[in-house]
Amino acid sequence: KFIRQKVAIPRAGLLEISAVDQVCETFGIHSSLPIAQDMYNQGDLLFFTNTGVMTQPVDKENYYIYTKTQLFAHNHMQQESKRLDPNDLIGGTGILGRMSDSLVQYGRKVGLFSLDRYHVALSGIPGISESTMIVNSNGIPPVYVSTETKEVIETLHNNTAADSGFFAETWSASLMQSLDTNELLSRELEDVSTYMEFPVTHLGNQLRTVARLIATREKRGVDADMFYVEVGGYDTHSDVEINLITRFTEVNDALAAFSAEMKYMDLWNNVTTIQVSDFARTLNPNSGDGTDHAWGGNYMMFGGSVKGGQIAGTYPDDLTDDGPLTLSRGRLIPTLSWDACFITIASWLGVPEHDIPHVCPNCYNFPESHFLDTDEIFDNGTAPPPPSPSGSPSESLHPSMTLSTPPSVSSSIASSTSPSALPSITSSALPSVVSSKDPSLSPSNAPSKDPSLS
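Residue 74 is where the sequence shown starts when you use my numbering, and the numbers rise one by one after that.
Hints are not guaranteed to be accurate.
EDC-like, lysine to aspartate or glutamate: derived pairs with alpha carbons at most 16 Å apart [what the hints assert, rightly or not]:
#  : residue 1 : residue 2
1  : 380       : 189
2  : 223       : 270
3  : 74        : 314
4  : 336       : 111
5  : 74        : 339
6  : 380       : 312
7  : 79        : 314
8  : 74        : 452
9  : 336       : 256
10 : 133       : 391
11 : 133       : 362
12 : 380       : 314
13 : 74        : 394
14 : 380       : 270
15 : 79        : 395
16 : 79        : 312
17 : 336       : 270
18 : 223       : 256
19 : 79        : 270
20 : 133       : 395
21 : 141       : 111
Label-pair distances were calculated between CB atoms; the ranges are [claimed, not checked]:
#  : residue 1 : residue 2 : range
22 : 180       : 442       : 49 to 55 Å
23 : 224       : 177       : 31 to 37 Å
24 : 440       : 180       : 50 to 56 Å
25 : 394       : 191       : 36 to 42 Å
26 : 252       : 315       : 44 to 50 Å
27 : 246       : 220       : 19 to 25 Å
28 : 143       : 339       : 17 to 23 Å
29 : 215       : 425       : 18 to 24 Å
30 : 180       : 339       : 35 to 41 Å
31 : 239       : 177       : 22 to 28 Å
The hints are simulated quantities; they were obtained by calculation from the structure and are not laboratory data.
C-beta atoms are modelled at their ideal positions from N, C-alpha and C, and glycine is treated no differently.
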């Protein structure tokens with residue numbers, strides 16, 4: 074109450090979870106997120122605590138010197154949470170795209186899907202992974218082109234002359250491939266439904282589409298998928314508690330349906346979802362009963378292979394402004410980087426250890442002690458083989474692809490025949506890998522910390 078003041082959540086309004094090796098033995102989750110408590114207690118969900126965008130370890134005296142990313146700004150921190158390359162060593166790429174590149178170079182067939190709009194998180198080095206497919210939250214809208222028009226398009230774009238330019242040839246090839254892929258995927262999804270009834274909300278619609286796409290993995294000829302989903306509305310500069318009840322209810326109902334659907338499909342152990350955001354919120358309120366931009370926050374990761382029921386990282390032991398990690402108004406300097414979190418996902422998916430510096434080019438800026446042990450984050454350390462295919466692949470969107478046994482990757486929320494690494498619900502401006510305010514993890518003997526799913 075001393076720290077959170079008028080935005081403090083009473084202890085009776087929190088869902089309690091237990092933790093070991095932390096400053097408190099009991100923490101609290103917002104009451105509108107019972108699915109998070111359930112999965113945590115079932116051993117399928119963990120929290121990353123005091124996590125955020127980092128260039129290297131810093132303290133109160135040098136953070137503004139050694140941090141390359143512009144802090145507390147939605148656009149800069151959202152972008153960097155998707156790239157994880159503050160020194161721009163592999164420009165134009167994102168964390169999931171680089172993971173996909175590594176898997177593809179070792180024979181994996183990876184599908185990349187972004188819900189509603191483009192996200193750099195899924196971009197790899199051109200020419201390695203397949204291009205990201207952007208689908209809307211309700212599926213794949215067909216392109217309505219008359220037969221006559223389609224014949225004209227095919228005639229124009231399938232002709233090659235001696236003096237045809239490289240740019241024109243590339244553009245034509247991309248257009249024809251896009252039209253063919255849209256037609257095939259629309260057809261495959263047409264009769265695919267879900268067992269669970271998903272809530273008719275923005276996040277519910279997105280996760281329902283992800284589940285339907287996962288169901289087509291065999292026909293697409295892939296053994297891994299990465300999906301990026303985004304939900305906003307967490308930039309709570311006023312009336313934070315009222316907004317969080319609404320936002321978290323949407324998240325709770327959508328995640329409950331998605332997790333149940335993955336279990337029904339017997340893919341729960343092959344799908345991992347990570348929530349990411351640009352930043353957390355200030356612990357101290359502003360004058361409008363809201364909170365403002367901060368830095369280190371608490372985030373969820375869940376799935377059947379996640380070694381849940383734990384809090385990874387170190388929860389700060391002093392939340393006052395005198396604390397060694399606290400900047401003004403309860404802005405905490407993170408002690409766990411997104412690099413450390415995503416390296417465990419990359420290892421679980423099967424990215425070789427010698428490829429980790431390509432996937433996380435900024436990892437050299439941290440000591441070895443900074444990173445997490447994959448065996449402590451995932452059961453068995455690597456993704457399990459997917460269930461046996463129920464049938465043989467039909468027409469593939471990528472004819473050269475063959476169905477294999479590796480797990481699938483999904484960003485935000487995704488899955489396939491191989492383990493999926495979903496980047497997660499992203500922050501308000503952040504498109505998924507996760508929202509700017511995640512369910513708040515706060516010691517129950519101290520007011521709950523602002524959700525980091527925003």
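Checked hints:
1. 380 with 189: 31 Å, violated
2. 223 with 270: This hinted pair is violated, its Cα atoms lying about 37 Å apart.
3. 74 with 314: Distance ~15 Å between residue 74 and residue 314 Cα, so the pair holds.
4. 336 with 111: At roughly 15 Å apart (the allowed maximum being 16 Å), residue 111 and residue 336 satisfy the hint.
5. 74 with 339: 44 Å, violated
6. 380 with 312: Distance of about 35 Å is beyond 16 Å: violated.
7. 79 with 314: Answer holds: residue 79 to residue 314 is near 10 Å, not above 16 Å.
8. 74 with 452: 38 Å, violated
9. 336 with 256: Measuring from Cα to Cα gives roughly 29 Å; hence the hint is violated.
10. 133 with 391: OK: residue 133 and residue 391 at ~14 Å, within 16 Å.
11. 133 with 362: Violated, at roughly 27 Å.
12. 380 with 314: Cα-Cα ~30 Å, so violated.
13. 74 with 394: 14 Å, holds
14. 380 with 270: 28 Å, violated
15. 79 with 395: 20 Å, violated
16. 79 with 312: The given pair, whose Cα atoms are some 11 Å apart, holds under the 16 Å limit.
17. 336 with 270: 14 Å, holds
18. 223 with 256: 12 Å, holds
19. 79 with 270: 38 Å, violated
20. 133 with 395: 10 Å, holds
21. 141 with 111: Answer violated: residue 141 to residue 111 is near 38 Å, above 16 Å.
22. 180 with 442: 49 to 55 Å: This hint is violated: roughly 33 Å between Cβ atoms.
23. 224 with 177: 31 to 37 Å: 34 Å, holds
24. 440 with 180: 50 to 56 Å: Given a distance of about 33 Å, which is not inside 50 to 56 Å, the answer is violated.
25. 394 with 191: 36 to 42 Å: This hint holds: roughly 40 Å between Cβ atoms.
26. 252 with 315: 44 to 50 Å: 46 Å, holds
27. 246 with 220: 19 to 25 Å: Given about 22 Å between the Cβ atoms, the range holds.
28. 143 with 339: 17 to 23 Å: Given about 45 Å between the Cβ atoms, the range is violated.
29. 215 with 425: 18 to 24 Å: The hinted range 18 to 24 Å is violated for residue 215 and residue 425, with Cβ atoms some 40 Å apart.
30. 180 with 339: 35 to 41 Å: 24 Å, violated
31. 239 with 177: 22 to 28 Å: 24 Å, holds
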